[in-house]
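Engineer: Those protein sequence lines, which keep their order, are chains A, B and C. Be aware that the first sequence starts at 1, since it is given in our numbering, and climbs by one per residue. Be aware that the second sequence starts at 1, since it is given in our numbering, and climbs by one per residue. Be aware that the third sequence starts at 1, since it is given in our numbering, and climbs by one per residue.
In case anyone wonders, no lab produced these hints; they're calculated from the structure. Positions of the beta carbon are idealized from the N, C-alpha and C atoms, including for glycine.
Here are the simulated SDA-like pairs of lysine to any residue, each with C-alpha atoms no more than 20 Å apart in a straight line: (1) A/Lys118 <-> A/Ser26; (2) C/Lys463 <-> B/Leu121; (3) C/Lys93 <-> C/Glu143; (4) C/Lys472 <-> B/Met103; (5) C/Lys16 <-> C/Ser47; (6) C/Lys177 <-> C/Pro150; (7) C/Lys463 <-> B/Pro117; (8) C/Lys433 <-> C/Ile421; (9) C/Lys433 <-> A/Val158; (10) B/Lys77 <-> A/Ala115; (11) C/Lys472 <-> B/Pro117; (12) C/Lys472 <-> B/Ala105; (13) A/Lys264 <-> A/Glu230; (14) C/Lys181 <-> C/Lys223; (15) C/Lys433 <-> A/Val160; (16) C/Lys308 <-> C/Ala412; (17) C/Lys433 <-> A/Gly209; (18) C/Lys93 <-> C/Val154; (19) C/Lys409 <-> C/Gly399; (20) A/Lys118 <-> B/Glu84; (21) C/Lys433 <-> A/Asp94; (22) C/Lys472 <-> B/Asp102; (23) B/Lys77 <-> C/Pro123; (24) C/Lys223 <-> C/Val270; (25) C/Lys433 <-> A/Pro95; (26) B/Lys77 <-> B/Ala107; (27) C/Lys308 <-> C/Arg276; (28) B/Lys77 <-> C/Asp121; (29) C/Lys93 <-> C/Arg484; (30) A/Lys118 <-> B/Leu81; (31) C/Lys472 <-> B/Pro99; (32) C/Lys312 <-> C/Glu265.
Selected chain A positions facing chain C (in silico; Cβ < 8 Å): (33) Leu104; (34) Gly106; (35) Val109; (36) Arg110; (37) Ser112.
Each pair of labels, with its calculated beta carbon distance range: (38) C/Gly425 <-> B/Ser133: 45 to 55 Å; (39) C/Pro521 <-> A/Pro208: 35 to 45 Å; (40) C/Tyr19 <-> B/Ser133: 46 to 56 Å.
So the chains spell out like this:
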Amino acid sequence: MTAATEADAMVRPERDLVARVRAGESIACARMMTWAERGDARFAAVYGEFESELGRARRIGITGPPGAGKSTLVERLATHWRAQERTIGIVAVDPSSPFSGGALLGDRVRMSSLALDKGVFIRSMATRGVFGGLARATDDLADVLDLYDRDDILLETVGVGQSEVDVARSTDLTLVVLHPGGGDTIQAMKAGLMEVADVYVVNKADMPGLEQLVHQLTDTLDVRDVPLDERPPILTTVASSGEGVAELAERIDALDAERRASGKRDARRAANLRLRVRRIVEGRLQHDIWQESGLARTLDERVADGRTLSAYGLADEILNAYRERRNLEGPA
Amino acid sequence: MQASEQPIRVLVAKPGLDGHDRGAKVVAAALRDAGMEVIYGGLHQTADRIVEMAIQEDVDAVGLSILSGAHMTLFPKVRALLSEAGGGHILLTGGGIIPQEDMDALAEQGVGRLFGPGTTLQQLVDYIRDEVSNRRAAARS
Amino acid sequence: MTTVDRVTNASFEAWKAAYDRARQRDVPFETVSSAPVLPLTTPADLSGTDADAEIGLPGQFPYTRGPYASMYRTRLWTMRQFAGFGTSIDTNKRYHYLLDHGQTGLSVAFDLPTLMGYDSDHPRSEGEVGKCGVAIASLADMETLFDGIPLSDVTTSMTINSPAAIIWAMYLVTAQKQGTKLDQLGGTTQNDILKEYTAQKEFIFPPAPSMRLVIDTMEFATKHTPRWHPVSVSGYHIREAGSTAAQELAFTLADGFAYVVAAIERGLDVDSFAPRLSFFFNSHVDFFEEIAKFRAARRVYAKRMRDKYGAKNERSLMLRFHTQTAGCSLTAQQPLNNIVRTTWEALAGVLGGTQSLHTNSMDETLALPTEHAAKVALRTQQLIAYESGVANTIDPLAGSYFIEDLTNKMEASANEIFDQIDEHGGVVPAIEKGWFQREIAAAAYHYQRELDAGQQIIVGVNKFVEQGDDTKLDTLFIGPEAEREQLERLAKVRRERSQGAVDGALERIRTDAASSVNMMPAFMQASEAYCTLGEMIDVLRDEFGTYTEAPAF
Ligand SMILES: Nc1nc2c(ncn2[C@@H]2O[C@H](COP(=O)(O)OP(=O)(O)OP(=O)(O)O)[C@@H](O)[C@H]2O)c(=O)[nH]1
Ligand SMILES: [Mg+2]
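Can you make the complete structure from the sequences, with help from the hints?
Structural biologist: Right, dumping it as C-alpha cells:
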C-alpha cells in the first residue's frame, strides 16, 4: 500500500458517516457506534441529521444474572427472527475490570453461528469505556443500529448493578433471564430486576430446580401484589437446544403488537425519552463542571494540599467557582 | 474527549484449526489488565469471520495466535480481507511459532510485528499501545 | 518410622537456627507450579505416614512404587516417539527409519484437519494439510501409513480424539486387510475427549454424544481387542495449556473416573475394561515435583478405583502411563539447551516409573522435528536406559523424605481438587460452566506474570539471554507439495470407490447415531467402503450437533 492510500484508508471510516450508515455500510455503522460510545461530540453534531428517521426498530433488553444463558438466548432469538427476514442488531455489554478499566468481552463467541450473516450486526461494549453512563451509551448505540436499518435491536446486559438495570429500563420490552439452581430470584430482586421485567424467561429448563424457581417467582409476584393482568408472563426455555425459543419469540411479537395497538408502547417511549433527556443533561452538566471548567483538577488540588476540609464546605466552594465561571446565579 | 484517552480496542482470536489457546488467553488477560478493551473472538475462526468481527467492533488492532504452521496462509488472508473491508487502518499483529524469514515476508505484506515464544507480556502491550497511538495520530493529521 | 527419633528436636532446632543465620538467595523457592518448597524435609514430615500402607512395594497396592514387581529389570519402558507429517507416504518413510534405529513402538501424529474431522480438501483445511502431523482422510491413507509394517508385530499409539472411533476403525480394517486378527492388535488410541473441552480444545460434538463414542470404543475393545487400550486419559495437554502439576494430576484422574462411571453406566463390569485404561502425563522441568506427581498418581488411582468404583481385579487398580517431556518448557532461544531440559524431564519420567516415553526434539518450538533432531531425542532415552544405571533398581527415590512428603502433598491436593469438581456437579457440568478452563487459564496467566517478573527463570529467555544468538537449526519444512499430493490422493479415492457402498455405509452411520447401538461396526463398514473421515464426521455433526465453548478467563 502506498502512503497516500494508506492515509486515505485511515480517515475513510469517518467521511459521510450518516449517509454511509443509512446505506448499510458496516464499517461506517461501527465507527458511528464508537463515537456514540465514547461521547464523541461528532455524534451529537450529526444526530440531528437522522433523528427524525429513528423509532422504527423494536428495542428489546435481555438481562439477568451472569451465566444465565443470555447470549445463547440472544443467538437463538436472532436466528428465529432472521428466518423471517428481519434484520438484527445486537449490543452485548460486559463489565469492565474494576482494577485496570480494561475489559474482556466474550459474548460474541456464543453467537458465532450468526457471524457471517450480513443481516446481523454484533457489537460488544464494556461498561467503563462509555462516557456519561451506560444507559446513555446503549440508547445511542441502539439509535445507530436503527439508522442502520435493523428491525430488532437486542441489548444484552448482566443484571447486576443500577446502570445495567437502567439499560433494561430504556427499551420497548425487557426479558429477565433466570436459571435454576443459582439463588437467582433473590439476586434478581436485589438488583432491582423485578421492576423491569416484561417477560420472565426461566432458561436451562433442562436443569434440576426448574419447578422450584418458577414457584419462587410466582410467589414473589404474589407477595408484591401485582395485579394478575399486569403480571409478566413466565416462559421456560432451553437456549442451548433451542427448546421453547420459538414460543418465546412469538410471545414477544404478540406482546409488542398489543402494546403498539393499545398505545402502551408509545407511552413507554415517552417515559424513556424523559429519562434519557435527563441523563443527557446530567451527563453534560457533569462534564461541564468537572472537565470543561477544570474543576476536577481544582478538587484534586484542594484535597491534595493536605489541610482538613469539610466535605460540604468544599462542595460549596466548587459549585460557587462553577457558577462564577459560568456567570450563574447562586441558589435563592 | 481526546482521542488519545480512548481505550484501545483489540480483537484477540485464534484462526485455523488448532485449539491451543493458552497464548491467546494469556495475552487477552494481559491486554485487559493494561486497560484495553479486548474482544475475545474465540477458537477455530476463519479469516472472514475474524474480519467481520474486527469491522463490527471497530477495533484498533487484531491479534491472532497461530501455532499450527498455517501462518503464511492465514495472516495474508486476514490482512487482505481487512483492507478490502475498509479496515486498512487496523493493525494486524500476533504470535506463534513463526520463523524469522516468514515474519519478514509477512511484514512486507503489511502485517505488523509478530511475536515468538519468549516474548514478555509487557513487550506486547507496549507494541500495541505505541503502534495504535501512532496510527491514531496519523489518522487525525 | 524408626528413623524419626534419630533427628531429635534439639538437633533440628540447632539446624533451624543455623539455617536462619545463613544468607538465602533472593528467589521465591517454589516449584514451576508456584508451590512453595521447604528448605529441608526430615522424618518429622513423614511422621503421619504409614510407610507400609502408603509406600509399600512395587506391584502391590497402592502401587506407589510401580505397577509391576520387577519394573525395568524385566522390560525397559517403551521408547515411543510421536511422529507424523505430510502425506502418509512421508510418514511411512519416517516410521521405517525410526524402527530401523531401535524405536520399539509407533506413535502417530495426525494433522489438524484430521483431528478436527475435516477432509484434506475441505476449505477449512487449506494451509494445514500435513503441517502438524500426517493427513489421513480415508482408509487408503491408513493403508499407506503402515505399508510394510506388520501391525501384528508393533504396537501403535494414535493421538486422535474427537474422530478417534473412526480413525481406530480405519486402523482395524487396515490390520484385517494385512491378515492380522483383531485380538492380536496392541496399541492405544488417545480418545480422551474430556481434556479436549478443558485444555486442547479440538472438540467437534457436545460432551454427551462424544462420551457415547468413547464408551462405544471401550465396549468394542472389551469384546474384540483385548490387547488394545481404547482410551489414554491425558494430562499432557492440560499441563501444556498452563495448569499446575497438581491440577494436571487431579483433572486427569477425574477425567479417567468419569469414563469409568460412564462405562459402568453402559453396563460394563469395571474389571472388564479398567485393566486397559491407560494414562498419559507431562514431564515438566521441576524434577522432584514431577516424580512425586507420578508416584501419587498411582496411589490415588488405586485407592479410588478400589474404594469408590469397586474394582477388584489387581490390574484394574494399577495406573500405567505414558510420559512426554514438556513441549512448553522448550525454548526457541538457544535451542541446544532443549536437549538438556528434555534429558532430566525424561529422567523424572523414568524415576517416576513410566511405561513408555516420548522425548521432545530440540527443534520442537521452531518446527516439526527433523530426522536428526528426532534421533538425538531417541538417543537421549537410550542413554538414560543403558548408561545412567537408573534402570537397574526399582523406584530408587522411595523413602526420600522430600520425595515422600511431596508425594503425600500431591495426593492431598488431588483430593482437594476432586472435592471442588464434585461441588460443580462433576466433570461434564464443570466443563460446561467453564470451571476447568478458568482454573487453567488463571494458572497460565499467573505463571507468565511470574516469568515476566523474573520469579520463574528460563535460561536463554529471561536469564543468560544472548544477544544475536545465532544457533541455527535446520528445520523440517512442510511445503505446499504435501497438500497438493494429498489432494490428488484423495481425489483418486473419491473417483475409484463405489458410490453405492459409500452411500449405504453413511446411511448406516446416520441410523446408528440416532439409535443407541455401538457405532464401531458402522465405522468399520464405512472405512472399508472408503468413505472419507469428513463424510462420516459430517453425518455425525448433523446428528449430534457441534460444540462451541463459552470463553472463560
Ligand atoms: N444446560 C443448559 N445450559 C445452557 C442453556 N443455555 C445456555 N447454557 C450454557 O450456559 C453457559 C452460559 O451461557 P451464556 O449464554 O454465555 O450465558 P450469559 O448469561 O450470556 O453469560 P454472561 O454473559 O457471562 O453473563 C454456557 O455454557 C451455555 O452453553 C440451557 O438452556 N441449558
Ligand atoms: Mg453473555
